[in-house]
Each structure stands twice: as C-alpha cells, then as structure tokens.
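Asker: Now for the letters of each chain:
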Amino acid sequence: MRRIITATVQNRSGVLNRITGMLTKRQFNIESITVGSSEKEGLSKMTFVIDVSDPQKLEQLTKQLNKQIDVIKVQDITDKAHVVRELALIKVAGVRQQHAEIQSVIAPFRASIVDVSKDSLIIQVTGKPDKIDALIELLKAYGIKELTRTGVTAFLRGHQPQVTEMNSASI
Amino acid sequence: MSLKVKKDTGVQTDHPSGADLLVDVLVKENVDTIFGYPGGAVLPIYDAFHRKKAPFTHILTRHEQGAVHAAEGYARVSGKPGVVFATSGPGATNLVTGITDAMIDSLPLVVFTGQVAKGVIGTDAFQEADVVGITTPITKYNYQVNDIRDLPRIVKEAFHIATTGRPGPVVIDIPKNIVTEFADKSEEYDDKVDLPGYQPTIYPNPLQVTKLVEALKVAKRPLVLAGAGVLFANATEELRKFVEKYQLPITTTLLGLGGFPGNHPLFLGMAGMHGTYAANTAISECDLLINFGSRFDDRLTGNTKYFAPDAKIAHVDIDPAEISKNIETDIPLVCDAKEALKALLDFEIDMPGHEEWNRQLARYKEEKPLWYEKPDELVSPQWLIEKIYEMTNGEAIVTTDVGQHQMWVAQYYKFKKPNRFVTSGGLGTMGFGLPAAIGAQIAKPDELVISIVGDAGFQMTSQELAVIRERNLPIKVIIVNNSALGMVRQWQELFYEKRYSESLLTFNPDFIKLAESYDIPAMLIDSEEKAESMLKEALNSDGPVLIDCRIPQEECVYPMVAPGKGLQQMVGVEKTK
Chain L
2 MRRIITATVQ NRSGVLNRIT GMLTKRQFNI ESITVGSSEK EGLSKMTFVI
52 DVSDPQKLEQ LTKQLNKQID VIKVQDITDK AHVVRELALI KVAGVRQQHA
102 EIQSVIAPFR ASIVDVSKDS LIIQVTGKPD KIDALIELLK AYGIKELTRT
152 GVTAFLRGHQ PQVTEMNSAS I
Chain H
4 MSLKVKKDTG VQTDHPSGAD LLVDVLVKEN VDTIFGYPGG AVLPIYDAFH
54 RKKAPFTHIL TRHEQGAVHA AEGYARVSGK PGVVFATSGP GATNLVTGIT
104 DAMIDSLPLV VFTGQVAKGV IGTDAFQEAD VVGITTPITK YNYQVNDIRD
154 LPRIVKEAFH IATTGRPGPV VIDIPKNIVT EFADKSEEYD DKVDLPGYQP
204 TIYPNPLQVT KLVEALKVAK RPLVLAGAGV LFANATEELR KFVEKYQLPI
254 TTTLLGLGGF PGNHPLFLGM AGMHGTYAAN TAISECDLLI NFGSRFDDRL
304 TGNTKYFAPD AKIAHVDIDP AEISKNIETD IPLVCDAKEA LKALLDFEID
354 MPGHEEWNRQ LARYKEEKPL WYEKPDELVS PQWLIEKIYE MTNGEAIVTT
404 DVGQHQMWVA QYYKFKKPNR FVTSGGLGTM GFGLPAAIGA QIAKPDELVI
454 SIVGDAGFQM TSQELAVIRE RNLPIKVIIV NNSALGMVRQ WQELFYEKRY
504 SESLLTFNPD FIKLAESYDI PAMLIDSEEK AESMLKEALN SDGPVLIDCR
554 IPQEECVYPM VAPGKGLQQM VGVEKTK
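Protein sequences appear in the order of chains L and H.
Residue numbers 2 to 172, in the working numbering, belong to the letters of the first sequence in order.
Residue numbers 4 to 580, in the working numbering, belong to the letters of the second sequence in order.
Hints listed in this document are in silico derivations from the structure and should not be mistaken for laboratory results.
Bear in mind the structure is a predicted one, so any value in this text is a computation, not a measurement.
Possibly wrong hints are sitting among the right ones.
As the list claims (entries may be wrong) - Think about it this way: if two alpha-carbon atoms lie no more than 20 Å apart in a straight line, the pair counts; the simulated DMTMM-like pairs of lysine to aspartate or glutamate are: (1) L:K64 x H:D333; (2) L:K26 x H:D322; (3) L:K68 x H:D322; (4) H:K516 x H:D529; (5) H:K417 x H:E393.
All chains should be modelled from the sequences, with the hints used to inform the complete structure.
Answerer: Shown next as structure tokens:
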C-alpha cells in the first residue's frame, strides 16, 4: 500500500542522507521524496510516498523515522483528509500547427504551456499525481521528449471530517 | 588544572584554539580516559593534550580497531561513555567495525575523528575519507564541525545523545582547520542541550502497566526474559525483587547475562540458539512472556513463527522502534527498565499460582542440564570454563570474541553480578575480546579481568598485547585453541557435510613465544591434569598472563537451534553417542 508520510525535521547538515540511508537499510521503497523549508526557520518539511507491504512494516517506518534525532514530528496522512500536489514539466514534440490542438487537450487539466520552440513545447501541470498521470497518458500521442516530476508534497486539511473515505490507493 | 594556553604559543587566554577548546570541554564532561591513535589531521589536538597537560589518560592502542573495542569494554563495565580519537582517512575507517559493534549492542561511545581542512574537503586530499557519510548508518548520530563556535555545543550534545535513552555511538568529525583556528573568546559551555527531536521516554504509561498487572493476574505459565536493557538501566536489584516476589522463572539473552544471578534457583540459563533446554522450552510453553530490555534478536528467537506461540507478549524497551519489530507485542511499555520494574513493584498482584509450572521447569533444568564429554586428551573447553567460574566465584570480568568459546562462557560461567560479561553480541566481532579487556581493566583496575578468546579471533587484534605490557594491566588472556575457526567449522560439520572450507588453521604461531616477545608470561595447558594448578597460578598472579589452552578441534557447542528452526526444535540436548 502507498502511504503519504510527512516529517518535520531540523535543518541540519546530513539530515536527508541520514533519513534516506535509514529507509534504504530497512528496505523501504521510496516512490518519491520532497524536501523544502517550512514556516519556521531551521525546520524543514519532508513528504515521502512509500510503498509499504503490511501494517507492521508501516508501524516500523513511522517509528524509525521518529527515532531519528533530527526528526521532530512524523505523520502518516494517507487516511486523513489531505491536500497533495505535484508539479510536472513535460516536453512534447509539436510544430506550430499542433499548438492549438495541444492547448485544447491540456486546458481541462489547467496545465499551461511555459516554453515554445520550433519543434517542441514545455507544458507545466500541477495537481494530484493521478491527474498528472492522466495528462501524460494523453500527451504520449504527440511524443514526449522529456519529462520531470517533483514528487508530491502534502498537507493535512484544516478541517478533518469525522469519517473519511479517502482512498489510500489513489492518493 | 589551568585552562590557560601557555604564553609561548602566542595565544591570548581568552582566544583559545579549537584544540584547546576541545580539551576544555572533555574535562568538563569528566572524561578520564581516551583510547586513541594520533595522525596528521589530529596533530593539533594531540599537541593540546600534551601542552595543556590534559588530566585524562590516553591509551595508545596499536590499531584504531583496538581503541574502539577498548572503549566499548570501558563503557560496558563502567557505565560511562567510551571516548575514542583517531585521525582522518584510514584512522577513521579502521574504527568502522567497532562503531558498528557499539551501535548494535547499544554501547555509549563518543568518537572523534580528524578530517582534512575545510578548504580541501571534497578534493580527495591526502587521508581524506567521507567519515560522516561512512558512519551515518552505524551511529546514533554524527556531526561534522563546520564552525569553531559550534564545537562546545556539539560535544555537549554528543555526550548527551550517546549516554541517554538507548545508548549508542556518536561520531564527531573535526576538520583540521577547526582545531587550529582561534575562538573569539572562551565559548560558554551550556549545561543544557536543545534537541527537540530527541526526548527519550523514561516513565511507563500507567495504562500499559495496568495491562501487564492484569495479564500477571491470569498467567499460569509466566516467564521473564531479561536483556541488556536491564544492565543499562541499573535495574538488576529491582529485577531480582520482582522475580522473587512472584517466584517468576527467568531467562536472559546473551547480553543480559549477569542481569540476574546465574546461580539463582529461578534462573533457567540463557535462551536462544545455544540456550539451555529449560530456557528454550519455557519460552515455547509459557503463556505470558515479559521481556525487559531485549530486542528479540534472531539468535534469541530462532524462527519467529514458533517463538512463544501460546504467550501474551509484554515488551519493556526504551526504544519504541523495537516494539513489534521482530515479535508482535501485546503489551508495550516504552520506558526505562528500572522505571517499569519500580512501577510493577508498587502493585500487590494476586497471581493464580504457578507452582506446577515452576516445578516443571525445575525438572527440565535437572533432567536436561547442559552436558559435555571429557575428551581422552587435551582439555575440555566446557570443563575449562567451569573451572574458571569456580576459581573466580563467578565474579570476574570476562571478555570474549565471538563463536564457540563465547557460547561456552555464556553457558558455563554463571555471572553473579551485572556488567561483568563483555562480549560482542549483535555484530559478532572477532578480535573484540582482547582490546575490550584492556578497556575493562582500565575502568576497573582492582577487578580480575579475564579475556577468553579463540585462537583465530585472538590473531585479529593480538597486537594489543603491547598495551597490556606497557600499562602493566594484569589481564589473564586465555586462548581456547582448537586450531580452527571453531564455529565456522561446526556449521560446516553440521550443515555442509563436513566440507571444512578454509576453517582449519594449519599454521598458528607459537602463542607462548608470541607472548614472551611482548614480555608477558605465558603457559601452555594441553592436559586436564596440568590445567587446574596452572590456572590457579595464572589467576593469582599480579601481572598479565597468557594461557594457550589446547582443546579438541571437533568439540561442538550444544544444544543448538539450527538456523530457520524454532526454539523447540533444538538438537544436542542429550548425549546421543
């Protein structure tokens, strides 16, 4: 099962290395990891998407993260109401005549063309990973020359409903 | 002592160098012994030791591995952190085995490594190694000092992290420029540390204590398992009180030996791969298992599928990540073992009575004790350990390497007191025993320290005999010599159809002459008749002694739980021949 785990960590040198090293040593499979600054100076926020086989391993994962000296708080937000976003840049082959067509394909995804050249253009899209997956699938028809995704970053929603029906498989 | 730098260095008193600062903070941490080896990148630090007449003893081992194992031995018997210094590059990488050993056995170490100067880090400079990178997975925490102003804080934090919670090694990598720079002023050494992400839980959750009390109220076949956590928590007294109060049968892990008196009637012996029949059967048959401070290591549990199948599991551990890691736990108590025991002792628990269970286990102990046969020639290793146990009344400090001799010590030396058994448990490090004995003897100069090692492991760190002589440490080194890598040979005999691939030593040095070259008296014991009087002579002598004791090569450690098997499937419980 895919889990979204967030961690608040002290921004000390080597912290990312220590955490990813621990995950590798304990055989956790990291699908994506993002790190950036937080609202507090000296603290960083990490978001992991990790494929975990069973509840016991998941418990180990959060405990091992918590055990790290630099880690202040760990949350598994998969089953809670959350906002999750990822950004992708997609370079698609396309001559000028195709631009209008591509524009109409990406419009429902609220993606935008951020760079145009003679024979290619770069599309920027933000959203949930499955939305980005869907857009990539559509753009394959034009020939994807290059693709980069940032990995997800996530937050708990301000309001948590009593019973949540979030599907953990689809993040 | 004066913290002032001598005038002739041209340094102002309130502008100490990084090296001076380092010596000052070590003094403030009450460091009395350092195990180390100098080199280029730490020259300024070693100069400060000398110049400032630092009030601690520096033990110059003959290899960095010796230094770190000695520090482990020191930490194990003294309860204080072991302090190690090594230079950059090869000095630091030679420490890796010992740091890993300390990590897995939870020993508090503060390890200082030199590093090339900041300006050349990353250029593959002479004796440069990425020590922070190398030691990240094998330390509780590590640092590289990037600013001289951080040095006091980092040292303070390192000692705090190493010695609190679940103890472990901390590495501080110090670039050479940091120790030669001058601080603006004498840096304040704060008494407090500010580590918001590191707050070990000391006291047990009352709800979980109540759950355990309730479980005891209905337990018909209770069993206590004690690990090294009991020793780290100084909880042996509380453990004995608790066990005696409710007449609970008790077993220990390898590293838990000494946490409960080895000759106590309630003690079943060590459990695990080479555990006693009584202990392993008790685990297989109990209905409540209370684990105080053991991490359910695989050498203890055997195949976890068959581990304590009928039991409710209570697990007391200061490290929450150990709960349900290997064995699913019903009642978790994340806290210090001493606090858990104190909380339990506050209750008056009305147990249903388990006299029949105790009688049954006592019967197992009596009917299926550890056994061995005396060989026609040479010396029986089990008999040898029994003799040493008798002669020292179970009160000596004993260090070992890993393997057959280690298991024989665990089985036949019935440690009566805590912190007397210094052995490499989790990592299973050959070459550990001799340097560990040096550290133990330095920590406890008035105690009898015996280093029982194999002939193969001894040769991995035998150069440390020089330290024993140099410091006149009265360590008794006993080589249990079977001219083989005994445990490797045993596994090949049992699981590889006696194909003894590279496990037999067809050449060994003359250990007597080797000892003599270090000016250490030595004796050869190759028969039982000679053994008793020679052992007595050796143990009673004032100085160091080395004994080369010859045992039959084919001797195996039994009982044994084969890898992948459950504890109840142990073999070699009784004589088969």
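Asker: Is the straight-line distance between the alpha-carbon of K417 of chain H and that of E393 of chain H 20 Å or less?
Answerer: Holds - the C-alpha atoms of E393 of chain H and K417 of chain H are around 9 Å apart, at most 20 Å.
Asker: Are K64 of chain L and D333 of chain H close enough, with their CA atoms no more than 20 Å apart?
Answerer: The hint holds at about 17 Å.
Asker: K68 of chain L and D322 of chain H were given as a pair; does the straight-line alpha-carbon distance stay at or below 20 Å?
Answerer: At roughly 8 Å apart (the allowed maximum being 20 Å), D322 of chain H and K68 of chain L satisfy the hint.
Asker: Hey, K26 of chain L versus D322 of chain H, does the alpha-carbon distance stay inside 20 Å?
Answerer: holds (18 Å)
Asker: Does K516 of chain H pair with D529 of chain H here, judged by a C-alpha cut-off of 20 Å?
Answerer: Distance ~16 Å between K516 of chain H and D529 of chain H Cα, so the pair holds.
The structure agrees with every numbered hint stated previously.
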